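Trainee: The primary structure of each chain is shown beneath.
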Amino acid sequence: MGVPPGSAQFVRGGDELLSLKGARCVDCGTIATPPDTHPSCLSCGGGKLEVVPLARGGGVHTFFVNHAMPPPFIAPLPIAILDLDDGSRLMLQVTGGAENLQIGERVELVLRRHVVERGAPVYGFKARRAKGT
Amino acid sequence: MGWNRVAIAGVGMIRFGELFDQSYEEMAAGAFRAAVESVDKGFEPAAVETAFIASQRGTLWGQEGIGGNTVPSAIGIVGVPATRIENACPSGSDAFRVGAMAVASGVYDVALVLGVEKMRDKTTEESLLARATQGHPIYGRGEVAPALFAPFATRHMHEFGTTREQLASVAVKAHHNGTLCPYAHFKAEVTMDQVLSSPPVCHPLNLLDCCPQTDGAAAAILVNAELADRYTDRPVYVAGFGVGTDHPGLHEKASYTELAATIAAAKRAYAMAGLGPDDIDMAEVHDCFTITEILDIEDLGFVEKGKGGQASADGETALDGRIPINTSGGLLAKGHPIGATGVAQIAECYWQLRGEADARQVPIRKGNVLQHNVGGRGSGVSVVNILTVNLD
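Chains as they are written, first to last, in this note's numbering: chain G, 1 to 133; chain L, 134 to 525.
In case anyone wonders, no lab produced these hints; they're calculated from the structure.
None of these values were measured; they are calculated from a predicted model.
Yeah, the Cβ is synthetic: ideal placement off N, Cα and C, and Gly gets one too.
Keep in mind that a hint or two might mislead.
Stated by the list, open to error - Listed next, the stretches of chain G that the computed footprint assigns to chain L, with coverage defined by at least 3 CB atoms under 8 Å from CB atoms of chain L:
(1) 18–31
(2) 72–83
To be verified - Chain L is faced by these chain G residues, among others (derived, beta-carbon under 7 Å):
(3) L42
(4) A68
(5) R89
(6) M91
(7) I103
(8) L109
Whole structure, please, built from the sequences with the hints as guidance.
Mentor: Next comes the structure, spelled out in structure tokens:
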């Protein structure tokens, strides 16, 4: 995956990924994800942000299904842009297949193994379809 | 007005395509020589006072990152101040804007804008597809180029009832125009059935909803409008330009049925030009994917929001339509050598304004045309340039 575990990006972002955190603006309440790439608020530009846990469920706002992917991806790969229940947005891979995936469909966020890179497993969240596996 | 008026003295480009026989430097030189030869009253390369070189990727061939260093030597004007401009897919159109600002400021009277991109030297897996594994270790994963626009198609279809057939009509029109353009990468008609039955790339987009990866180069020579009669009796002028930016995250859009960066860029360009969408005779817009053109014609104000698919299917954007779009074949048929794309669109606009577009010429009634790019992560940057034959 180009960024092996233990690299600088994982040092900066690993904790917030594995524990699913967002950056909430103290002034206007907007939540940006992930915190380590959002030092300023998406809505008001403010710099006072607190790290908060994200909601673990939401709905599909829109989506796409990748059919042409380089290794180690396995196609077809559905990816959804989600409206989480706390008002934040996240884009995650979808588990449970792409068949009949719909805007508005409910998902729950679950920790999954994304890939094994250089012998080490890389974990992160995925969106599990309520009707899927 | 506060700025010197800027004229285009000449434009040139090479035929786009899979140019394994031409180096980055040879493509740049070919475009520059074509631009020099296009100048009605002749142009000495030594007259170039400054140059802006657009190459976006910086990695596909290896030395694009220092285009400001390599291109002046390659095109025979070594010693001239030159700077590489990178601003995602609008790199070429932003280099044009920066060149226009250099002349408008009065610091320079003659500026060269040259876009060049070598995309096919590397395999598909090593080029743009590789971005699926770049960026954020989790959230950036799987974000290949069509993924930047496919979720907008999904949502546009959901909210407005836009159909696969309407999207496909953009590709059918583009490839028809491409058959009439001597510079196009692809020069063959495609049918609605061929687009709809082409392999899925990124649902809901199929292969023929996508532009190709292309090698190419294009150039434009900008001069202070007061000096334009040294070079031509039929100058084209820069009427206005605008840039807009938006959050880069694909999950950070306020709406998935519009591109905020395009709307912001267009608002600024129209205001600077003192024009509106109804004053535009034709436009070259960013159709990297069919859905992108639907979004563009809505966001630029040519068509009401949500009606872009129907307008395209009804032929409003065809050569004989109400507002012809991408007469050159667009990115879909002419190709998308990223840094060169915006400059090549400027060239098409210039030819259309001067009545030099041959079989793809459209009526020029008001004398204003528009050029547009949008791109980057999450379509986070857009540039709009407006050209005119009317000097106020």
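Trainee: Which of the numbered hints above does this structure break?
Mentor: Hints 1 and 8 are the ones this structure does not satisfy, whereas the remaining hints hold.
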